[in-house]
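Undergrad: Sequence:
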Amino acid sequence: MAKHPQTKTSRDNSRNKKKPGQSRGRVVESFPLVGSGDIVPIPGLVFPITPTESGEIEAIRFAIQEGSPIIVAATKRIGAGSRKPRKLCTVGGLANVIHSIRLPNGDMRIKVHVQGRVRIDETLKRPPFARAVVTFLQE
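According to our numbering, the sequence shown holds residues 967 to 1105 in order.
Hints may contain errors.
Keeping only pairs whose Cα atoms sit at most 20 Å apart, straight-line, the calculated SDA-like set for lysine to any residue is [said to hold, decoys possible]:
| no. | residue 1 | residue 2 |
| --- | --- | --- |
| 1 | 1077 | 1065 |
| 2 | 1077 | 1013 |
| 3 | 1042 | 1003 |
| 4 | 1077 | 1017 |
| 5 | 1042 | 1032 |
| 6 | 1042 | 1016 |
| 7 | 1077 | 1034 |
| 8 | 1091 | 1008 |
| 9 | 1077 | 1008 |
| 10 | 1091 | 1019 |
| 11 | 1077 | 1011 |
| 12 | 1077 | 1041 |
| 13 | 1091 | 1020 |
| 14 | 1042 | 1065 |
| 15 | 1053 | 1006 |
| 16 | 1077 | 1018 |
| 17 | 1077 | 1004 |
| 18 | 1077 | 1016 |
| 19 | 1077 | 1040 |
| 20 | 1091 | 1055 |
| 21 | 1077 | 1064 |
| 22 | 1042 | 995 |
| 23 | 1091 | 1017 |
| 24 | 1053 | 1093 |
| 25 | 1042 | 1064 |
| 26 | 1042 | 1021 |
| 27 | 1091 | 1056 |
| 28 | 1042 | 1089 |
| 29 | 1053 | 1005 |
| 30 | 1053 | 1092 |
| 31 | 1053 | 1087 |
| 32 | 1077 | 1062 |
| 33 | 1053 | 1090 |
| 34 | 1077 | 1032 |
| 35 | 1042 | 1006 |
| 36 | 1053 | 1023 |
| 37 | 1053 | 1004 |
Source of the hints: derived by calculation from the structure; they are not laboratory data. None of these values were measured; they are calculated from a predicted model.
Could you build all of it, start to finish, from the sequences and the hints given here?
TA: Right, dumping it as structure tokens:
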């Protein structure tokens, strides 16, 4: 039998690929994503959010249960009218939920404290809520 020249296997190719959680030498992570309306999250800022979408409410519930921070990003409406879709800004804030309350009408209201700035590299829209893959930005 003739020997075949060695070819690179998928295992050999995996050495050159980026490991999960790395991008250009920086560590990236994913967190629950919540829109902050027209408020731009700046580190040190404490502000209230009243989530209206079920995915945002689930993201907040998850963050509270797990003790996980959330990503808050300012949103802007596309087109005129309040029912038009929203677009999230690409820079947001990593925030801790410091207070949550359920209102008599069933709505939820939270207060968040922004800890730092992040760049939203990718939005993962998987049920039950969206997650943001982020890179931490230097102050």
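Undergrad: Now look at each hint and say whether the structure bears it out.
TA: The hints, checked one at a time:
1. 1077 x 1065: Distance of about 5 Å is within 20 Å: holds.
2. 1077 x 1013: The hint holds at about 6 Å.
3. 1042 x 1003: holds (7 Å)
4. 1077 x 1017: holds (11 Å)
5. 1042 x 1032: Distance of about 29 Å is beyond 20 Å: violated.
6. 1042 x 1016: holds (16 Å)
7. 1077 x 1034: holds (14 Å)
8. 1091 x 1008: Roughly 25 Å separates the two Cα atoms, so the pair is violated.
9. 1077 x 1008: holds (14 Å)
10. 1091 x 1019: holds (13 Å)
11. 1077 x 1011: Given that 20 Å is the threshold and the Cα spacing comes to 10 Å, the pair holds.
12. 1077 x 1041: The given pair, whose Cα atoms are some 17 Å apart, holds under the 20 Å limit.
13. 1091 x 1020: holds (13 Å)
14. 1042 x 1065: violated (25 Å)
15. 1053 x 1006: It holds: about 14 Å lies between the C-alpha atoms, which stays within 20 Å.
16. 1077 x 1018: holds (15 Å)
17. 1077 x 1004: Distance ~15 Å between residue 1077 and residue 1004 Cα, so the pair holds.
18. 1077 x 1016: holds (9 Å)
19. 1077 x 1040: holds (15 Å)
20. 1091 x 1055: Holds, at roughly 16 Å.
21. 1077 x 1064: holds (6 Å)
22. 1042 x 995: It is violated: about 24 Å lies between the C-alpha atoms, which goes past 20 Å.
23. 1091 x 1017: Distance ~17 Å between residue 1091 and residue 1017 Cα, so the pair holds.
24. 1053 x 1093: Given pair residue 1053, residue 1093 holds - Cα atoms ~19 Å apart, limit 20 Å.
25. 1042 x 1064: It is violated: about 25 Å lies between the C-alpha atoms, which goes past 20 Å.
26. 1042 x 1021: holds (18 Å)
27. 1091 x 1056: holds (15 Å)
28. 1042 x 1089: Answer holds: residue 1042 to residue 1089 is near 16 Å, not above 20 Å.
29. 1053 x 1005: Roughly 14 Å separates the two Cα atoms, so the pair holds.
30. 1053 x 1092: holds (17 Å)
31. 1053 x 1087: holds (14 Å)
32. 1077 x 1062: This hinted pair holds, its Cα atoms lying about 9 Å apart.
33. 1053 x 1090: holds (14 Å)
34. 1077 x 1032: The given pair, whose Cα atoms are some 17 Å apart, holds under the 20 Å limit.
35. 1042 x 1006: It holds: about 11 Å lies between the C-alpha atoms, which stays within 20 Å.
36. 1053 x 1023: Cα-Cα ~18 Å, so holds.
37. 1053 x 1004: The given pair, whose Cα atoms are some 11 Å apart, holds under the 20 Å limit.
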